[in-house]
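Undergrad: Chain by chain, the residues run as shown.
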Amino acid sequence: MAAGFKTAEPLEYHRSFLKENCRPDGRELGEFRTTTLNIGSISTADGSALVKIGNSTVICGIKGELATPPTDAPNNGYIVPNVDLPPLCSSKFRPGPPGEQAQAASQFIADVFESSEVILKEELCIEKEKVCWVLYCDIMCLDYDGNLLDACLIALLAALRNVQLPEVSINKETDLAEVNPDRKRHLNVARHPISSSFAVFDDSIVIVDPTAEEEALSTAMMTVVTDEDDTLCMLHKPGGTSLSSEKLQDCINRAVTRNREVGKLINTVIQSVKTHKPLMFSLYKVMKTKMEEPSGGSSVKGVKGDTA
Amino acid sequence: MRQRNCDFVGTTMEVDGQSTLSLREFGCEQNLLSRPDGSSSFVQGDTSVLAGVYGPAEVKVSKEIYDRATLEVVIQPKVGLPDCIKILQTGSLVMQCQHLPQDGSKMLKMGSPIWNMDSRVKERAREQCVRETCEAALLSTLHPRSSLSLVLQVVHDDGSLLSCCLNAACMALMDTGLPMGCLFCGVTCAIDPEGHIVTDPTAQQEKNSRAVMTFAIDSAQRRVMMSSTKGSFSVNELQQCIAVSQRASEKFFQFYRDSVRRRYSKTL
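Order-wise, the sequence lines are chains A and B.
When we follow full-length UniProt numbering, the leftmost residue of the first sequence carries the number 1, and every step to the right adds one.
When we follow full-length UniProt numbering, the leftmost residue of the second sequence carries the number 1, and every step to the right adds one.
Accuracy of the hints is not assured; some may be wrong.
Pairs of lysine to aspartate or glutamate residues, derived as EDC-like cross-links and limited to a Cα-Cα distance of at most 20 Å, are as follows [as the list claims (entries may be wrong)]:
no., chain 1, residue 1, chain 2, residue 2
1, B, Lys207, A, Glu114
2, A, Lys92, A, Glu215
3, B, Lys207, A, Asp138
4, B, Lys230, A, Asp84
5, A, Lys92, B, Asp37
6, B, Lys122, A, Glu215
7, B, Lys230, A, Asp143
8, B, Lys122, A, Asp182
9, A, Lys92, B, Glu237
10, B, Lys230, A, Glu215
11, B, Lys230, A, Glu167
12, A, Lys63, A, Asp182
13, B, Lys122, A, Glu100
14, B, Lys122, A, Glu129
15, A, Lys184, A, Glu167
16, B, Lys122, A, Asp229
17, B, Lys63, A, Asp182
18, A, Lys6, B, Glu72
19, B, Lys207, A, Glu228
20, B, Lys60, B, Asp46
21, B, Lys60, A, Asp138
22, A, Lys92, B, Glu194
23, A, Lys247, B, Glu237
24, A, Lys63, A, Glu228
25, B, Lys230, A, Glu228
Derived by calculation from the structure, the hints in this document are not laboratory data.
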């Protein structure tokens with residue numbers, strides 16, 4: 001009966017839950033789904049991370065390449081984010097050129113980078129006008145169940161913290177770049193922007209972390225990005241029904257607490273990788289493989305947001 | 001045969017305790033193109049956008065939505081076409097790259113990376129903002145299984161482009177005579193390094209600022225319909241910018257009202 005009701009009148013079905021201040025999956029209005037993070041999942045990439053928010057799964061791999069710096073900014077490097085939504089992740093997406101949502105997501109990630117200066121582009125420069133790093137940040141969605149932007153940003157941030165680039169020096173005689181793969185260093189991630197997405201139902205009810213179904217039925221979407229100092233990096237609301245300043249303030253407050261939760265999660269995962277010595281780490285890897293995760297690295301389950 | 005309608009409003013200055021609300025001279029001309037069902041040209045200072053609306057018309061089956069109209073928004077930049085050959089100069093090396101539509105967002109990997117993000121992707125993000133704002137304002141359920149297309153041609157960009165696109169879109173939709181639940185207007189605010197809020201900034205002011213925010217404000221409740229920001233700012237600054245935009249929106253809505261009244265009054 002309930003299943004039939006859901007299929008025939010999906011909006012009414014959701015409304016009947018929202019009236020009771022809860023959602024079909026049992027969450028409260030201000031509650032995030034369980035967020036799982038695994039870093040170093042791709043051994044061939046320079047840095048990688050896999051994020052799950054509920055069923056939504058996003059993987060990010062970062063590849064560093066050498067290139068000549070841009071002529072207009074000779075002491076800068078490049079960061080090239082790209083979000084891919086393959087047909088595998090949802091029936092919403094077709095094969096072929098990237099659709100509007102994928103392009104909008106890529107642009108969103110690029111804008112967050114630009115606004116918050118996660119990594120100073122100057123630090124990617126190795127030798128002025130000669131050689132610099134290009135970081136290709138490829139983000140791929142494996143399972144689309146809403147809240148793509150949050151998952152992408154967490155994956156990217158965790159992957160950046162995981163990146164280890166080899167030392168590069170310029171040979172004075174030959175004028176060529178020499179890579180020393182034995183000496184690797186981490187990137188200096190200056191700020192930690194974390195996003196929180198909201199969906200608006202019936203012009204008034206605001207819910208956090210919408211699923212794909214809730215996104216489709218909602219009248220507006222909004223994403224708030226804050227950093228660890230509670231500074232806003234982005235307030236992205238691409239249209240939809242209007243929101244009052246008070247509602248916006250509530251959303252920002254929720255985003256600030258979410259930032260703390262996710263920041264803690266990323267730190268825990270990074271620490272757990274650091275504290276395990278290589279031998280131990282591989283052991284941990286094996287154990288993990290047996291237990292649940294098909295991939296390597298370290299993963300921590302947790303961060304279930306409480307109510308706003 | 002409808003008449004062309006042209007209106008301009010002079011620079012307005014208003015001092016209110018903390019901040020000065022100043023908008024560049026803005027104006028609009030409606031119904032200036034003959035082929036589209038509705039058209040407008042909106043000018044804010046040196047920024048100028050031309051908009052045309054076609055519809056409601058027949059829709060492609062693949063894009064048909066059973067209970068409402070399908071809205072398509074295209075923003076044409078002033079220079080460069082979406083799928084054309086671009087000649088780029090990198091140092092002494094001139095490269096010619098065929099920009100294939102197949103890899104819309106992919107970067108060209110030839111020698112050195114040429115540009116970080118394809119300019120087309122930026123237009124896409126703007127299009128999404130304009131489309132979803134228009135969708136919220138339009139009563140598209142009154143035209144199910146039909147298509148509406150809105151084409152915005154950037155004539156000149158001197159800052160506050162997205163807000164000018166929104167204003168041009170609203171005037172063009174009004175000119176078409178499509179049923180709308182409310183009107184909307186776009187306001188851009190920039191925060192300069194000293195923390196002052198500049199409304200309707202020029203391209204130079206945008207470049208020098210710490211943060212730039214664009215809001216779409218609805219005419220019914222003066223609330224935020226769309227928000228797009230660049231740069232980082234505090235919560236307090238955001239709330240101030242929203243308040244300033246809401247005040248600036250009054251000017252736009254008054255302008256809309258005056259311009260429509262003038263257009264339909266018998267004593268022209």
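Undergrad: When the structure is checked against the list of hints, which entries are broken? Sort them ascending.
TA: 3, 4, 5, 6, 7, 8, 9, 10, 11, 14, 16, 17, 18, 19, 20, 21, 22, 24
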